[in-house]
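Enquirer: Residue numbers (my numbering), protein chains in the order written: chain A, -10 to 101; chain B, 4 to 117.
It cannot be assumed that every hint is accurate.
Which stretches of chain B does chain A cover? Using the computed rule of at least three CB atoms under 8 Å from a CB of chain A, they are [what the hints assert, rightly or not]:
#: 1; stretch: 14 to 27
#: 2; stretch: 45 to 51
List of simulated lysine-lysine pairs, DSSO-like, C-alpha gap at most 27 Å [unchecked claim]:
#: 3; chain 1: A; residue 1: K6; chain 2: B; residue 2: K81
#: 4; chain 1: B; residue 1: K45; chain 2: A; residue 2: K(-8)
#: 5; chain 1: B; residue 1: K45; chain 2: A; residue 2: K45
#: 6; chain 1: B; residue 1: K60; chain 2: A; residue 2: K30
#: 7; chain 1: B; residue 1: K45; chain 2: A; residue 2: K88
#: 8; chain 1: A; residue 1: K88; chain 2: B; residue 2: K81
#: 9; chain 1: A; residue 1: K88; chain 2: B; residue 2: K86
#: 10; chain 1: A; residue 1: K88; chain 2: A; residue 2: K57
#: 11; chain 1: B; residue 1: K45; chain 2: A; residue 2: K57
#: 12; chain 1: B; residue 1: K45; chain 2: A; residue 2: K100
#: 13; chain 1: B; residue 1: K60; chain 2: A; residue 2: K88
#: 14; chain 1: B; residue 1: K81; chain 2: A; residue 2: K30
#: 15; chain 1: A; residue 1: K(-8); chain 2: B; residue 2: K60
#: 16; chain 1: B; residue 1: K45; chain 2: A; residue 2: K30
The hints are simulated quantities; they were obtained by calculation from the structure and are not laboratory data. Glycine included, C-beta positions come from ideal geometry on N, C-alpha and C.
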Amino acid sequence: ELKVEQNPLFLSMQEGKNYTIYCNYSTTSDRLYWYRQDPGKSLESLFVLLSNGAVKQEGRLMASLDTKARLSTLHITAAVHDLSATYFCAVDIFANAGKSTFGDGTTLTVKP
Amino acid sequence: EPEVTQTPSHQVTQMGQEVILRCVPISNHLYFYWYRQILGQKVEFLVSFYNNEISEKSEIFDDQFSVERPDGSNFTLKIRSTKLEDSAMYFCASSDPQGARGYTFGSGTRLTVV
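In isolation and in its complexed conformation, chain A is listed as follows (with noise of 0.2 Å):
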């Protein structure tokens, strides 16, 4: 059974602070998502992660990862108040039969 495991679950970061979540998983995956939800909102997909190695980034947040070492980060750099939410990974084993698996999520706050 493939496991999903994030840390640190809560987050609580200076504005213009850098930090990292870690989202590690137990078994070979096809492909990585990270995700955003705001209280009581969707899920706002953020990031899809294909391949060993890669990278992406979107404005302060960037994004890795590393199959052989099963693990994904999400750096967010120069934290501002607008990134204060809950972030997700999820992993697919078989690309598009759906069935991602979510970690228990990070949920962020950036003060000023």
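Could you slot chain B onto chain A? The hints should help.
Expert: Showing chain B alone in chain A's frame:
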């Protein structure tokens, strides 16, 4: 930006009643999914649907659940006899044939069973 549309946004139902949650996936997507999220918890896979049949389902998706694509645009999730523990946010999602862009999630239906 194309969207996945879900209705209703909030549904309150009595325990034991049947509910139908509705979704309109993105028009050129071929794969459709239902997930649920119990308040404050992780997102859980329920079922995936392709070519008018279920392709994968989880242990949660028991005989009380069913899905249907009654026409060319709608995708529905039916819960036959709701239980208190079915209270959750239910998300519909769809993906394109290549799947390279991941899944697009709808805004969700909050189901409250009383």
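Enquirer: Against this structure, judge whether each hint is valid.
Expert: Going down the list of hints, with the structure as the test:
{"no.": "1", "hint": "14 to 27", "verdict": "violated (count 0)"}
{"no.": "2", "hint": "45 to 51", "verdict": "holds (count 5)"}
{"no.": "3", "hint": "K6/A to K81/B", "verdict": "46 Å, violated"}
{"no.": "4", "hint": "K45/B to K(-8)/A", "verdict": "12 Å, holds"}
{"no.": "5", "hint": "K45/B to K45/A", "verdict": "24 Å, holds"}
{"no.": "6", "hint": "K60/B to K30/A", "verdict": "24 Å, holds"}
{"no.": "7", "hint": "K45/B to K88/A", "verdict": "14 Å, holds"}
{"no.": "8", "hint": "K88/A to K81/B", "verdict": "19 Å, holds"}
{"no.": "9", "hint": "K88/A to K86/B", "verdict": "24 Å, holds"}
{"no.": "10", "hint": "K88/A to K57/A", "verdict": "21 Å, holds"}
{"no.": "11", "hint": "K45/B to K57/A", "verdict": "25 Å, holds"}
{"no.": "12", "hint": "K45/B to K100/A", "verdict": "24 Å, holds"}
{"no.": "13", "hint": "K60/B to K88/A", "verdict": "8 Å, holds"}
{"no.": "14", "hint": "K81/B to K30/A", "verdict": "22 Å, holds"}
{"no.": "15", "hint": "K(-8)/A to K60/B", "verdict": "17 Å, holds"}
{"no.": "16", "hint": "K45/B to K30/A", "verdict": "14 Å, holds"}
Violation of the numbered hints given earlier is confined to hints 1 and 3; the remaining hints are satisfied by the structure.
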